[in-house]
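Protein chains in written order, with our numbering: chain A, 338 to 596; chain B, 508 to 813; chain C, 3 to 307; chain D, 53 to 330.
Think of the hints as simulated: they come from the structure by calculation, not from any bench.
Note that the Cβ used here is the ideal one computed from N, Cα and C, for glycine as well.
All the given hints hold, so there is nothing to weed out.
One-sided and incomplete, this derived list gives chain D residues near chain A with beta-carbon spacing under 8 Å:
1. 246
2. 248
3. 249
4. 252
5. 253
6. 256
7. 257
8. 261
9. 264
10. 265
11. 268
12. 269
13. 271
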Amino acid sequence: MDWTESFRKAWVVTDLTSRYLLATRRVIATALLAAVPLILTLSLAAARVAIFDISLFQILMIPLFLQVVLIFVTLVNATALIREEIDDNTLPFLLTRPISKPALVTYKYVGYLIAVLVLLVPPLILAYGVTEAYRGLGFTTDLDVLWGFLATTVLGSAAYGALFLFISVLIRRPLAGGLLIGFVWESVVGSIPGDVPKLSVIHYLRTILSHVVAIGPLNGYAPDLSAGVAAGILIAFSIAMVILSAFVFQQMEFRQKAG
Amino acid sequence: MNGVVEAAGVSKWYGEVLGLNAFTASFGKGITGLVGPNGAGKSTLFKLLIGQLRSDQGNITLLGENPWNNVPLKRRLGYCPEQNQLYGWLTGQQFVEVLLRLDGMPAAKAREEATAALKVVGLTDAAHRPTRGYSRGMRQRAKLAQALAHHPEILILDEPLSGADPAGRVHILRTISDFARDGGHVLMSTHVLYEIERITNNIVLIHNGKAIAAGNIHAIRALIDEHPHAVRIDTAKPRQLAQALARMDHVVSFEFPASDTLVVRTRQPDAFYRELPQIVSDTKLEVHGLESPDDSLDAVFRYLVG
Amino acid sequence: MLVETAGLTKVFGEVRAVDDLTVKIPDGAIGLVGPNGAGKTTFLRLLLSLVRPTAGTAKVLGRDIEDGVLVRERIGYMPEHDCLIPDMTGVGLVSYMGRISGLGRDTAMSRSHDVLQFVGVEEERYRKVAEYSTGMKQKVKLAQAMVHDPELYIFDEPTTGLDPRGRTEMLDLVRTIAKSPGRNVILSSHLLPDVETICKYVVILDGGHQIAAGELSQLLAGATDRLRIDVRGDREGFARMLNEGGFDADAGPTGLHVARKPGLEAAVFETAKALGAEVRYMGKEIRSLEELFLELVARTEKRGA
Amino acid sequence: MSITLPTYSRLEIPLLGRRERLWAIIATGLRQGVRRPAAIAITMLGAAFTTITSIILLFLSFLLPAGQGTGLSFFAVPASNPFVLFFVSAMAAVIGSGLIADDIQSMAFTLYLSRPITQLDYLLAKAAILAPLVALVTILPLLLTALVAAFLGLLSWTIALEAMGISLVIGGLLTLFYTAVTLFLSSLTRRKGIAAAGVFAVNFGLTIPAAILAESIQNPSILYLSPWNDYLAIANAAFGASGAGIDWPVALAILLGVTVLAALVTYVRMKAVEVITG
Chain A
338 MDWTESFRKA WVVTDLTSRY LLATRRVIAT ALLAAVPLIL TLSLAAARVA
388 IFDISLFQIL MIPLFLQVVL IFVTLVNATA LIREEIDDNT LPFLLTRPIS
438 KPALVTYKYV GYLIAVLVLL VPPLILAYGV TEAYRGLGFT TDLDVLWGFL
488 ATTVLGSAAY GALFLFISVL IRRPLAGGLL IGFVWESVVG SIPGDVPKLS
538 VIHYLRTILS HVVAIGPLNG YAPDLSAGVA AGILIAFSIA MVILSAFVFQ
588 QMEFRQKAG
Chain B
508 MNGVVEAAGV SKWYGEVLGL NAFTASFGKG ITGLVGPNGA GKSTLFKLLI
558 GQLRSDQGNI TLLGENPWNN VPLKRRLGYC PEQNQLYGWL TGQQFVEVLL
608 RLDGMPAAKA REEATAALKV VGLTDAAHRP TRGYSRGMRQ RAKLAQALAH
658 HPEILILDEP LSGADPAGRV HILRTISDFA RDGGHVLMST HVLYEIERIT
708 NNIVLIHNGK AIAAGNIHAI RALIDEHPHA VRIDTAKPRQ LAQALARMDH
758 VVSFEFPASD TLVVRTRQPD AFYRELPQIV SDTKLEVHGL ESPDDSLDAV
808 FRYLVG
Chain C
3 MLVETAGLTK VFGEVRAVDD LTVKIPDGAI GLVGPNGAGK TTFLRLLLSL
53 VRPTAGTAKV LGRDIEDGVL VRERIGYMPE HDCLIPDMTG VGLVSYMGRI
103 SGLGRDTAMS RSHDVLQFVG VEEERYRKVA EYSTGMKQKV KLAQAMVHDP
153 ELYIFDEPTT GLDPRGRTEM LDLVRTIAKS PGRNVILSSH LLPDVETICK
203 YVVILDGGHQ IAAGELSQLL AGATDRLRID VRGDREGFAR MLNEGGFDAD
253 AGPTGLHVAR KPGLEAAVFE TAKALGAEVR YMGKEIRSLE ELFLELVART
303 EKRGA
Chain D
53 MSITLPTYSR LEIPLLGRRE RLWAIIATGL RQGVRRPAAI AITMLGAAFT
103 TITSIILLFL SFLLPAGQGT GLSFFAVPAS NPFVLFFVSA MAAVIGSGLI
153 ADDIQSMAFT LYLSRPITQL DYLLAKAAIL APLVALVTIL PLLLTALVAA
203 FLGLLSWTIA LEAMGISLVI GGLLTLFYTA VTLFLSSLTR RKGIAAAGVF
253 AVNFGLTIPA AILAESIQNP SILYLSPWND YLAIANAAFG ASGAGIDWPV
303 ALAILLGVTV LAALVTYVRM KAVEVITG
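Only chain A is shown next, with the shape it has when bound in the complex:
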């Protein structure tokens, strides 16, 4: 199978997936949710809140953006990749095309990543811009904060997306499972002392943020783990989850509904 053809197929699936996630009515809800950071900073600026500055920005964004918005947006979009197509009976159209199931899962994941980042990154940058502008500071004064959040958004989207993709391939009701893991497990595990937090994605996101950002609420969060290693773990985790999803999907059989 020569390269041009497989690239062309990769492009088609990625484009189809990202367009579905961005161009259909479902985007209204996810875009609104992804814009919460921007809405928040704008309303704080409009309300002329005195102490609104980059440190307040971080204090709000870590629990609100990383632990609520990021999880919701990745969950709703990741479960749409395979499980919704199974429930909607549209998967047979893709499966009877000369493209292997693992390739289908991988290209759909790439499409998902593009869509989620298009949803999450712009409002984040704008929110950062509003915070700096409100303080009358130049856009580049606290670039480390911006880089910190951008890095955690990208790695968070990748890791959570891969995890929720795997759940959606494995069980019939992925949203319920995803909500449980996203909200209950991630927040509970994060606050248990000892090594338990290492089992949650948020731990590595906080580590990266604590290293990248010079002064911020998370300083000295996990000294023994460098940002690079944490990022490496998240990337490895994402790849592992996608491979697992592809493997499970490869073995899945699709019986028709009863009757």
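Using the hints, position chains B, C and D against chain A.
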């Protein structure tokens, strides 16, 4: 390996629910009609053939290859699922075009082939409307278009006629026969028996997960010997005609439902039809109507499955 | 009069689903046929007053469709698509629908068992609907339409997706209902042989208009002066010999069509003997509702296109 | 299996009115809704948990010498029991999210529409299925606490009865709010999961961030954004306890406003759902 589809002792279970049970058959040249009651295993057989299910026992091949997770084989087959859900947000044209590009076709060529396929199935005027608004009949045509757009060797169609209106059915049947005339194979399941008889005499009768009959309808009909072939003849003198026809040894019984009607039952219909003109013209008996009510797929179905 | 409409119109966006329709439908078993998108489903929805008409009025069983609740009290509707509540049992669902139609709890339960027995759902009625076969689901859909004993039954494609045996059973049930006194049936179906066997009166819609309506027997009184012959063997030769014998014969896709003339039948068998061909069918050119339908739709398409 | 066609039997009795038809939907909806194991667990756990914690709060406040006021204002504490928020969200997600979404997914909505009831009847009946279940968590615990306090003589009967009256009003308000919002979310989509996620988003997405925000910028007016905080303000005011920083008339206006808006939008959307194509 003459048949397009070769199945030897294929079984498939969903827990205890029967899918296929030691299904053995070899068919598929030209147009083959797959008929059987609901739950007989038609959809299961199709899902095995397009590699979305794996057989628990026995092995099954399509065009000589094992379909399970077989990527290159997908280029040679076109599948039209039974249910009617499409990508509602895509227009008809986009729907076929996207799937064609998944065959590795460059965008321009895909657009051209998609437009052509939509023309073949008669969906050109609705091509640029989202499929969300399509009626059942239009969805059937859109599914058929995506199945034949990449010129596969075989079309596997699950109930392609259900939901289509009479004009739509005529159009779909013509599309299928043209495809077969150009050398393609077609395997289609249907419940609308009197429709499929118009385009093929080659059927596979499936019941309780087994192929209980495969081949030409009339040949199968003739084989059902506990239901000898009935021929209804409208004639002024039914009794004299009966005497004349009694000479043939394969004739089993006569009935006189009305004063001007004779029903003859014979074990060898072909021989009967061959000798009938001879007898009628020699005896100068006036025959003004001739019909064989149960030489149809409906009758075959009723006798074997009913 | 079962249904009377005056200038009934329903427009969705720029699609005129039902366009200034004025019909008078008599009591009894009525067939409603038309190509996809002819406006059949919209017309039925207007009668059930599930949708408000854009213009015009309609009366069902003498009641104006403005008052939806009163109209729907006397109608049993069997939708075309799957619509049963998956995790209820058959008997539970049918009695539930009976209660929503205004039956008391106990009456609904006893009626539910009656109608399920009538449609032939035996002990499966205690299992969940999600586990039913297509045929069984259709029967429960019919049962829920019957439970409150309506005067008008509206069947939307009742036999779609059924196997031949299921289809025969469903048609027997519909025929029994249509025959019972004081009960009317509107049967909307694409399978025209079904309509032929059950309905006396037929309304043909296309593009939101009524293109034909009348007693089935009149509509189908086709050409009785032509004979259709199915020949197995040298068909062209057969037609040629008949023409030489002074008969007007032509070989069409559905067999030979020959104008009736005395001595034709004898000539047919003479020719068959001479050519060693077989005569498999000889009878009058049966005009089916399907042929009439295709003719009418083709004519409107020519006019419309 | 041949069909034995018994003679088609006729039914000669008059049909009951719309009230009985509505009651049929409510009764069956409750039975079907609670039959699922997850629903039973959530309902039982919710009612028990909130009641027990309220009664424990009751004892704590009376045993400690200078407990928070011994009169009516004590009830502000159980009324703002955080478990109420958690279990109301869980019940709305597990039981409420499917009320309309499932009917759209299975297209049983067409069956309801084809019966002699109006779309308003359908919505009122569906609301009347969820409301009593939610009330098990928002109203019942308060009533029981008041009764226990009165029986144990910790409170005079007059105060207890007054407390029960107030509990009915504010508990009822919270119940109406969550019923309307849940039905609105349930009517938005045919995927029950997304409606459930929406309920979680409304509750946790608003309550937690509003709390963090208000505390970090010392500007309580943000709390108006969180329905739970609005309810707390009203409850505290109703029981005469010290307010939570936001004044209750505005909070009441917000809660009622959102409830009415959600109900109206759901009704309009349901009326517009004319064409359910197969």
